[in-house]
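The working numbering applies: residue 12 is where the sequence shown begins, and numbers increase by one.
The reader is advised that the hints may include incorrect statements.
[Unchecked claim] Here are the simulated lysine to any residue pairs, SDA-like style, with alpha carbons at most 20 angstroms apart: (1) K127 - M192; (2) K75 - L86; (3) K75 - L13; (4) K150 - H180; (5) K75 - V42; (6) K195 - Y125; (7) K126 - R206; (8) K167 - H21.
These aren't lab readings, by the way, just hints derived from the structure by calculation.
Please read these numbers as outputs of a predicted model, since none were measured by experiment.
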Amino acid sequence: MLVLYVLARHPSHGYNYSAALLEEAAQWHDVLTTSIDEGRVTTEKVVTDSGFWGLEAEIGMSRKTYFWFDFALRLFPTVPYIAKGDDDMFLRVPQYLVDLRTLPRHETYWGVFYKKGDLFSVSFISGSCATLARDVAEKFVSYKPLQRLVRLPYSKEREPEFLSLNMNHEDVMVGRVLYEMWYKDVVFFEEKPCRFHNLHGGFRVRNVTESSVVVHHILESEYELLMQRFGDDTSPSPK
Numbered sequence: 012m013l014v015l016y017v018l019a020r021h022p023s024h025g026y027n028y029s030a031a032l033l034e035e036a037a038q039w040h041d042v043l044t045t046s047i048d049e050g051r052v053t054t055e056k057v058v059t060d061s062g063f064w065g066l067e068a069e070i071g072m073s074r075k076t077y078f079w080f081d082f083a084l085r086l087f088p089t090v091p092y093i094a095k096g097d098d099d100m101f102l103r104v105p106q107y108l109v110d111l112r113t114l115p116r117h118e119t120y121w122g123v124f125y126k127k128g129d130l131f132s133v134s135f136i137s138g139s140c141a142t143l144a145r146d147v148a149e150k151f152v153s154y155k156p157l158q159r160l161v162r163l164p165y166s167k168e169r170e171p172e173f174l175s176l177n178m179n180h181e182d183v184m185v186g187r188v189l190y191e192m193w194y195k196d197v198v199f200f201e202e203k204p205c206r207f208h209n210l211h212g213g214f215r216v217r218n219v220t221e222s223s224v225v226v227h228h229i230l231e232s233e234y235e236l237l238m239q240r241f242g243d244d245t246s247p248s249p250k
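Please put together the full structure from these sequences, using the hints given.
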């Protein structure tokens with residue numbers, strides 16, 4: 012498993028990459044920088060909160076999500092799965108990998124499942140940790156209307172276009188595109204709340220247990236605590 016951090020240029024640094032980021036990237040070689048700008052945050056939301064960063068910021072994250080899948084498919088031409096996760100998420104990698112090996116290598120769309128209904132106009136997998144089989148990722152990035160939109164900079168006038176593909180939420184956007192393609196050759200694999208859950212705020216809030224695999228909405232200080240708890244769990248059995 013290769014973990015990479017996908018970043019765009021942030022307004023807090025004048026849309027330039029900071030010296031600290033460049034130093035970290037040179038040291039760890041795990042940072043991908045894109046040529047797009049992050050949107051400005053226009054709400055009071057902070058890390059670990061559920062909710063909305065503001066339309067410009069959310070559209071920026073949707074563009075970044077698209078380019079991550081597009082880039083990964085090109086850079087890693089033989090990998091069977093590509094995942095996208097949030098930066099305030101803890102992942103028990105050994106457990107995740109043994110569970111992943113039980114899933115089909117084709118048509119898989121795995122994670123926390125949200126069903127089409129009152130809250131959402133399409134079914135989708137939560138972006139806190141969404142895993143797509145390669146063929147599903149290829150289907151997603153091949154959608155021509157989205158290919159055009161992600162290459163357009165944000166503007167107030169374009170908001171209706173962006174919203175037509177649910178680009179105000181990056182995970183709903185993925186589900187929207189697959190919906191527009193009739194979910195052809197796509198199989199949802201839903202995770203239980205005891206395994207993939209939030210810790211602070213949002214839906215599916217649970218305490219951390221031995222069943223936890225993806226823990227979302229955590230504080231920076233909690234990464235070390237979770238590593239201390241699960242770091243020696245290197246040979247799990249699939250669940």
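_Hints violated by the structure (listed by number, smallest first)_ = none
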